[in-house]
Amino acid sequence: MDRIRISFRLNGVEREAFVSPEERLLDMLRDDMGMKSVKEGCGTGDCGTCTVLVNGKPVLSCIMPAFQARGKEITTLEGLNEDSAMKVIQDKFREYHAAQCGFCTPAMEIVGYKLIKESDGVPSKEEVKEGISGVLCRCTGYYDIVDALRSAAEVIKK
Amino acid sequence: MEVLMPNTLDEALRALVKNQDAVIVAGGTDLWPRIRDLEVRPERLLDISGLSGELSYIRKEGGKVRIGSMTTIAEIYESRELDGPLEVFKDVAAKFGSPQIRNAATIGGNICASLSSEDYITLLLALDASVVLKSVYGERTLRLEDFIVDKRTVNRKPYEIVTEVQFNDMTDGWRAGFEKIGRRNTLIINLVNVAVALRYNGRVEEARVALNRVNRKVPGRARAAEKALLGKEIRGDSDLEEAVEALRGELSLTSDFRASGEYRVALAEVYFKRIVKRLVGVA
Amino acid sequence: MSVSVEEFIGELQRKAERGELLYIGQSLRRIDDLEKVLGKPIYTNDLLPRETLYARLVLSKQPHAILKGIGVARAISYPTVKAVLTYQDIPGENISSTIIPDRPLFAFEKVRSTGDIVAAVIAENERRAAEATELVDVQYEPLPAVFDPIEAMKPDAPKVHSEGNVIKHMKVRKGDVEKGFQDSDIIVENTFRTQFQDAVPLEAETALAIPRDNGKLLIIGSMQTPHHVQAAVARVLGRPLEDIEVIQAVTGGAFGPKSDEPPYDVSSIAALGAIKTGRPVLMSMTRKESMIAHTKRHPAIIHHKTGVKSNGRLVASEVQIVLDGGAYASLGVLVIVRATFHANGPYDIPNVKNDGYKVYTNNTYTGSFRGFGAPQAIFAAEAQMDEIARKLNMDPLDLRLMNMLRPGSRTSTGQLMDDSCGLPECVDAVVSASNYREKRREYSQQSGKVRRGIGIAMLHHGNALGPEGNDYAYVHLSVEKNGRVHLGTALTEYGTGAVSGLAQIAASVLGIPLDYFVLDRPDTLAHHETGATVASRVTAIGGNAARDAAMKLKERATAVAARLLGVSPSDVRIVDGLAFVSGNPKRTVSWEEVVRAAYESGVELSVIGYYMAPQCVWDQETGLGSPYNQYTFGAAVAEVEVDVETGQYRVLNYYVAFDVGKAINPKNVIGQLYGGSVQGIGYAMMEELVHVNGKVVNPNLKDYYIPTSMDVPERMVPIIVEKPGSMGVYGAKIIAEPPIVLPAPAIRNAIMNAIGDGVNDLPITAEKVYRKAKELGLG
Ligand SMILES: Cc1cc2nc3c(=O)[nH]c(=O)nc-3n(C[C@H](O)[C@H](O)[C@H](O)COP(=O)(O)OP(=O)(O)OC[C@H]3O[C@@H](n4cnc5c(N)ncnc54)[C@H](O)[C@@H]3O)c2cc1C
Ligand code: FES
Ligand code: FES
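Chains as they are written, first to last, in the working numbering: chain A, 1 to 158; chain B, 1001 to 1283; chain C, 2001 to 2779.
I should point out that these hints are in silico values taken from the structure, not numbers from a laboratory.
One or more hints might be untrue.
Said to hold, decoys possible - For lysine-lysine, the following DSSO-like pairs were computed, each having C-alpha atoms within a straight-line distance of at most 30 Å:
| id | chain 1 | residue 1 | chain 2 | residue 2 |
| --- | --- | --- | --- | --- |
| 1 | C | K2667 | A | K87 |
| 2 | C | K2061 | B | K1151 |
| 3 | B | K1090 | C | K2667 |
| 4 | C | K2768 | A | K57 |
| 5 | C | K2288 | B | K1151 |
| 6 | B | K1217 | C | K2695 |
| 7 | C | K2288 | A | K158 |
| 8 | B | K1090 | A | K72 |
| 9 | B | K1151 | C | K2695 |
| 10 | B | K1095 | C | K2768 |
| 11 | B | K1151 | A | K117 |
| 12 | B | K1095 | C | K2061 |
The shape of chain A in the complex, shown without the other chains (with noise of 0.2 Å):
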């Protein structure tokens, strides 16, 4: 099988990887890069939970051919694990009880992360709820979600 070598930022590091043509950015980080928080919940499109932020715009990657990467700066999770926002929201996940099985918790962070980013004040909860949309949650119902993030923003945007 024909290898493309590429080279990207993941998590702020310069990268190389040789993938194979049909390898999705999802097999890439997992199993070249060992960026196990990136989860596959459907592979089709239509869960959320592989959401990966590229040039800084959260995007499936289990739709996104790994050869695309090339170039482009990757962050997943294990990137943001060390950042000042990133550490409220998760402090206010574990205060409100919104990881419960925990599968879709690394999505629902960094679509979390980038509208609270994003946003001026503290976002209204349909705001929060149109910001997660794109990840789904079989366990919470979203209202523990909604709220932990909201409390985040208010820490965050203090």
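Since the structure of chain A is already known, use the hints to place chains B and C with the ligands on it.
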């Protein structure tokens, strides 16, 4: 499988003419799940994501609105150019996939996928948009209606790339509305989508109506309904009866497990009426 | 307001003196979620050793056929393929069943559904494995098939197995229904239908098998009950239990199917592959494989005939429930038991006749799923109540108030309700929170295209296993030299926080902070077999075992502390990690010192706690007696807004109250009320796995819709009621399952209030509401 990864449109066109079996990948949101599912097994891919600098734009020039094929749905959603009656583009974006899908999906990919589930096709048909195709041999412009041939079939030569969609800016009374109905509030495949564009100055002077399935398995224009609207002054439902009657006659909304054809027709009628009334400002 | 550390400790000490349990009823943080919020590699698929091979399934293309042959030659020679497994590769028994051994792991002689696994391909590369599945050449000779359970019950229907298609017939007989109907003023009859629901845990079924140098196998997987998986794999491999160690990895949602047969399948296939290739094998179902091949919620056809006095008193209830079992029995033979016991709803009715049938068809199989038969039964029972109320021109709430269970009344099996029956309190709570009566009045005079409605539903839910098996639990506690307490149990955690709750109970008893605790991964080598982690029983039942263990441990620790403090053990109190002398809070010794002293003096700080619930006694023939030791009660009110032109509707507000006996960790309870309700809203409004001629047409999340964040009610109001039960720890009742039950009937009844008629088959899609509205001339 081999992947060609050009960085400019020129390079891409030259690569394509030499590799006419290559399947184009833009955002990949339509194509990649199908590759994964072994539904398509291309020998060669032409990745045009490197062209987003060149082909991602929204411009208004000389009475025309031009949208580069690599413009993402998120860029459309956030665009400042698309204001006034053009805000309808955002109504489509608001109900398009999820935020993550919108960041990757392109408008070019949407029309090239050529399915009844592609929402921008419906809107662009109502705007009588045209598609610009480029190749090493030059450029041609085709009306979208002629470009969309059938389900998964478009009027594109294997060495052409769609670079732009364009349509006349909505001035002198033109306005457009769009509705999409699914079985939940977001992340939905449409049961029905409806787009209506009207030039209305006290009366309907021109009308274009498009729906996800008219006669064929792809979105199309509802010409009888358009005709029935012409000249009408719209004050309420009763002024729309004729158009609704006409619309009913030209819909071919089939039944499947998601909904019956009968229900889809009912939805199409209700939302058609609602859009028209909204566009002309009656309750 | 700031409190000094001394004051704080002082307050805790005073509480300890009074014998109060410090952490019971507190919304403490869970101790198992740190790794989750950090995105650490903790799930099965994150833990692959180097050299792991991947397995993909070949599923039957026919719903019912004789298997003429399986050609594997082309698949085996495909690049990177290491093995193709079929029934011929099974050294032990070709059985992958829970209760009735009717399901082979790999299809043998015939296939009975499109969810049957015919073969598995194992390759270096997942994609190559998937491609090679298409090269496995399976020859079928189609047989006549049956897809409708009512058809399947007829004597001349095609037989799915060699015997008849009725797998189980469950009965309840109380009083004399025929006489009851004669004594009634009106008789109301209706038929209700429910659909296939898929649990959709976001992590699909998965297992990793790792061969060990000594010939034994380690299995790491996503599951609810490791010991059952161990036994299932041992049976398939024909090996003794001790050859197979099963560890439950952190599990990304379960909801029932992971207590049923699917984890047996993935674990056994991974195990067979690992033995055949000598390498680790991951069998991780794709979403599509999972949605076709795992168990779903049974569709049901439920017929109600109710005799009522004109004043609203229920006199007789006759219910027939037919569950579409799909091709195999699974835990479904117990699902029908629970469905039949709960079929009449939470009402005191003197004459009852219930018949429940679980029936084989050639659809994909159905089994355990949150609620376990109650969602179907209560949907029908509670829809029937609103139908009766309409006939009597009564408010549905008044009809319920007249008949519902309260202390002193009796269930359909004649079980007497004692003071722990909190149904009236639950009803009061949702009725007043929602302003039900006023809204009902307001909504009775609507016209126009957009109409609102409000509806109520309620339930009782027999606790824990009851008739489903022996309700026992083991919990291990062992203290490390540094004072950390390991809590180990084969009861598993898959999202609810229940196992963290066990530590909370132990912490309370011991008087040490929760963050001293470490939860060990459930492991068949390390932990006792402890029954299944099902029926929401971890807190109520497991909690008693945790308490037992903690009390044993405390006795030993107290003795050591007493020695150190020079007092008698009865004078020692322990609080917040500090042992002190009763009445003399300044004389203390720390938990760490106590533990060190115990280690140095040979006192073993390792104990096993055990609990076994009292046996439930009921008559097998009539169902009469007390099939459950205690009951959870709940009520919900839904408020909807319906667009009568299109049938589209929204749930504006949802109020839900549950009597949980005692909320050990209220935040965890609320998490279940939210999450269960939303899963129930999916069941009510949109979820349906569609079979056409036995084939699943929407085995993906593109066409099988579960609620997104945009689909949940604008406002959900969860309310906790506490009427302690006799069995659960500190009076706790089970709560993880029942919240899923109420949305469907509450929403149905709210729509009925809005438009004047209700939809009697789930899911209540906009199209069905549109048809009703049209029939009524509203559209
Ligand atoms: C979860 C999910 C939700 C979705 N929701 C919606 C929705 O709400 N509404 C909707 O309309 N669609 C939706 N889609 C479908 C898809 O996102 C759209 O069709 C999208 O616009 C495709 O754009 P793309 O850039 O990703 O196309 P790609 O997948 O890259 O390409 C699609 C097709 O077009 C061809 N192509 C692409 N660009 C060009 C070009 N410039 N010239 C020639 N050929 C080209 C490709 O060869 C391919 O055949 C959804 C998809 C997913 C996975
Ligand atoms: S795994 Fe990518 S969207 Fe579900
Ligand atoms: S916490 Fe389980 S899916 Fe969200």
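Each hint, compared with the structure:
no. : hint              : in the structure
1   : C:K2667 - A:K87   : holds (21 Å)
2   : C:K2061 - B:K1151 : holds (26 Å)
3   : B:K1090 - C:K2667 : violated (39 Å)
4   : C:K2768 - A:K57   : violated (39 Å)
5   : C:K2288 - B:K1151 : holds (24 Å)
6   : B:K1217 - C:K2695 : holds (24 Å)
7   : C:K2288 - A:K158  : violated (45 Å)
8   : B:K1090 - A:K72   : holds (27 Å)
9   : B:K1151 - C:K2695 : holds (24 Å)
10  : B:K1095 - C:K2768 : holds (23 Å)
11  : B:K1151 - A:K117  : violated (41 Å)
12  : B:K1095 - C:K2061 : violated (36 Å)
In this structure, the hints that do not hold are numbers 3, 4, 7, 11, 12, in rising order.
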